[in-house]
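Asks: Starting from the given sequences, assemble the full structure and let the hints guide the process.
Sequences listed follow chains L and G, in order. Quick note on numbering: the first sequence equals residues 9 to 658 in our numbering. Quick note on numbering: the second sequence equals residues 0 to 150 in our numbering.
Read the hints as simulated data drawn from the structure, not as lab findings. Note that beta-carbon positions come from the ideal geometry of N, C-alpha and C, so glycine has one too. Be a bit skeptical, because a hint or two may be false.
[Said to hold, decoys possible] Example chain G residues on the side facing chain L (calculated, C-beta under 10 Å, incomplete):
id : residue
1  : S47
2  : F49
3  : E50
4  : L90
5  : G109
6  : T111
7  : G134
8  : L135
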Amino acid sequence: MTAHLTESARHLLADVELLRKALTIRRTEERLLQLCAEGAVRGTVHTAIGQELPALAVIGALGTDDWVFSNHRGHAHFLARTDDVEGLVAELLGRTTGVCGGLGGSQHLHAKRFMSNGIVGGLTPIAVGTALASQLAGTDAISVIFLGDGAFGEGVVYEALNIAACWKLPVLIVVENNGYAQSTPTAAALAGTIRLRAEAFDIEYRNADSWNLSGLLSAARDAVTLCRSGRPTLLEIQTYRLSAHSKGDDHRSRGEIDEYRARDVLSQVLTENDDLIHALERSASARVDDAVRHGMEAAYPLPNVAASTTPPVLWTEVAPASEVASDSIYRFLHDTLAANDAAVLIGEDIGAPYGGAFRITRDLGHRFPARVRSTPISEAAIVGTGCGVALAGGYPIVEIMFGDFLPLAFDQILNHAAKFSYLSRGAAMVPLIVRTPMGGRRGYGATHSQSLEKHFMGISGIRVVALNSVMTPHALYSDVLAHVDQPCIVIEHKSLYARRAGPEPVPGFCWAMTQGSFPVVRLSPTAAAASVTVVCYGQMLDEVTQAVLLAFQEEEIISEAYCLSLISPLQVDALSDSVSRTQTLVCVEEGSGEAGFGSEVVAQLVERGVSLRRVRRLGATGIVPAAGSLEMETIPNARTVCEAIKEICG
Amino acid sequence: MADGIIAQIVVPQLDANTDEYHLADLSVQDHSVVKARDCVAVVETSKSVFEIETPSSGRIYFAPGFGRGQAVRAGQVLAVLVDPAVSNPDLSTTFQPVSEESDSSLAGLGATFSNAALRRLRELEIPPELFRGKGLVRAADVEAYFKEHRR
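Replies: Below is the structure:
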């Protein structure tokens with residue numbers, strides 16, 4: 009009766025459970041397209057119709073402890089992993105019963121040890137990170153990342169492959185090569201071959217295709233076994249997507265699509281007039297119908313309207329301290345590694361004996377060799393790997409050698425680390441700390457002297473903290489570690505490293521700081537009223553302190569200075585009283601002043617109704633030059649801050 | 000070398016690109032007794048921070064005028080180690096000339112004077128010490144003091 013079918017079709021027909029799953033995926037995705045056309049699903053969907061079997065073959069070979077990372081075309085992977093049709097449909101309908109409560113939609117699906125994301129290739133280093141966590145924990149769990157052929161246009165993929173190979177991590181890269189990167193044929197977008205790419209990294213290569221089912225299943229099992237033995241492996245699967253890239257954007261010829269539809273194993277089986285197939289069809293359709301009905305009946309998510317209360321600002325003395333900042337950071341890192349077996353340091357050249365470009369990690373590589381990881385020069389993958397370690401329950405502290413290199417990891421921070429907790433409704437936490445030195449005054453020139461933290465301010469889901477010379481780094485880092493519900497970027501101005509942290513006495517002024525986490529430091533006159541408020545963060549506190557003294561010595565202007573530790577999300581509670589009194593504000597930052605820290609401070613104060621008669625914002629006036637004379641003119645210093653104070657009070 | 004000097008501590012060549020570095024910190028007190036391999040100073044180069052260690056034990060005498068934040072050059076004598084048994088060693092010819100001496104005549108008074116206040120102190124021949132612990136001292140404060148005490 010089935011003699012006319014291909015061997016693969018007969019194989020599928022004989023494997024009822026595999027057929028049921030493949031059919032369920034197809035019917036679900038067909039219905040999702042229909043819901044899109046009806047307007048019930050907002051946004052877009054990218055279906056994998058025609059690519060169900062690769063997903064099922066690979067995921068069917070996995071264990072429950074393995075990680076699966078998917079992409080924008082992730083429904084088949086999700087259903088293969090979870091069989092949660094109801095959760096997927098409700099998610100795309102934007103309902104509370106969706107797998108992410110309607111927050112993620114089609115491209116951002118989270119379940120236990122499953123994650124998809126809409127940035128092509130972006131999850132690859134994160135899979136490397138979960139694999140690193142497995143390796144460190146001594147388990148045999150592997151991490152699988154599904155990529156399309158188009159992902160090989162993304163640099164972060166190569167960074168991740170390189171680290172996976174260098175560290176012999178159990179990562180399985182599954183490339184579903186469907187012949188197109190969206191609309192561009194693979195031949196026009198991919199030079200060379202995927203096999204050669206794997207071989208270049210000394211990564212084991214296996215291949216298969218969608219149309220030879222036994223070969224596909226065998227290759228998937230083989231790749232999983234190889235990977236589980238500690239060999240990073242790449243499995244390339246030739247396949248074809250029978251539907252459009254997204255909802256209807258398809259320029260391929262009908263003839264080409266029909267040719268592949270005829271080869272498609274599931275399509276072949278579904279043409280059979282067979283009672284079993286009819287029963288499976290009815291069951292799958294009924295399940296999808298039920299999922300749609302229940303999804304439609306479920307509630308839409310509502311905004312979180314929990315009232316946020318602002319605690320009163322209470323001031324306390326600044327504890328005296330006398331520890332060199334670099335020693336203090338080292339001590340924090342050492343203490344964290346010693347206290348927590350899940351803590352991991354990741355960064356360029358941080359291993360012993362080199363100990364990092366600024367020698368912060370020193371001998372930690374000798375003390376904790378498995379958990380202090382010197383990396384290739386791969387900032388995006390460094391942050392992504394850290395993010396993966398965090399997702400797996402670790403406490404990664406990554407170092408970006410110079411803050412100027414942090415933009416290379418921007419996507420990993422913005423589109424990945426910052427979003428996972430929200431999209432998973434708190435199920436996927438990312439206790440990631442990113443340390444990086446910023447700032448100038450050392451003649452390093454335009455790409456090693458910048459203060460770029462403002463570009464990371466205002467990003468929902470992350471904190472940005474800046475060290476200063478008054479708070480000991482260990483104390484501030486302890487605050488960071490106590491609040492790792494969100495990833496945190498810590499700005500370490502490089503000129504602070506050799507400074508002894510602690511408040512230096514300033515006659516006529518006293519130091520104070522706010523109680524609680526991420527203190528605001530204040531320098532205020534002991535027995536006189538200030539006529540101007542100066543606000544800053546980081547190393548600028550040193551310049552501002554000098555400027556406050558100069559302004560008094562030269563013009564008898566009495567100033568009050570505030571230095572924020574937490575610069576994003578930024579809060580002005582601690583300084584609003586002072587500004588209300590002085591109505592005169594100077595904002596100082598080392599980065600460029602336009603659209604930066606000072607702008608946000610002023611905007612928030614104005615929104616609170618604080619009356620501001622005079623405002624000046626000081627920041628870098630241009631690109632930071634190497635020549636010392638020009639560099640000092642470009643970035644704010646005690647003299648320019650003093651002149652601004654005098655001018656505004658004049 | 001002068002009598003009692005055990006060793007010189009010289010700024011090493013740390014960087015292929017430059018021989019001028021930033022003296023980031025002095026890690027021990029001047030005139031203190033140190034052990035061999037103690038870190039006595041931290042020097043920052045173009046990309047790294049280096050610790051300068053003592054070659055042997057002894058009492059350390061830093062070159063006069065050296066302080067945090069100053070530029071130092073490779074080959075420059077940063078300090079000498081002296082036999083602790085030698086008191087008041089003659090180091091007058093040991094160090095290269097260094098930067099100008101800082102005026103610390105007002106340091107330690109617990110007060111910050113405006114320039115105008117200092118001018119009035121000089122004009123009125125009032126010793127600054129009378130304002131010890133007074134915090135911020137303006138010209139008006141000096142005038143007020145003068146008027147009160149002239150009576």
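Asks: Look at each hint and say if it fits the structure.
Replies: Structure-based check of each hint:
1. S47: Since the shortest Cβ distance to chain L is 6 Å, the answer is holds.
2. F49: holds (7 Å)
3. E50: Constraint on E50/G satisfied, holds at 8 Å.
4. L90: Violated, about 26 Å.
5. G109: This hint holds: G109/G lies near chain L, its Cβ roughly 5 Å from the closest one there, short of 10 Å.
6. T111: This interface hint holds because 4 Å falls under the 10 Å limit.
7. G134: holds (4 Å)
8. L135: holds (4 Å)
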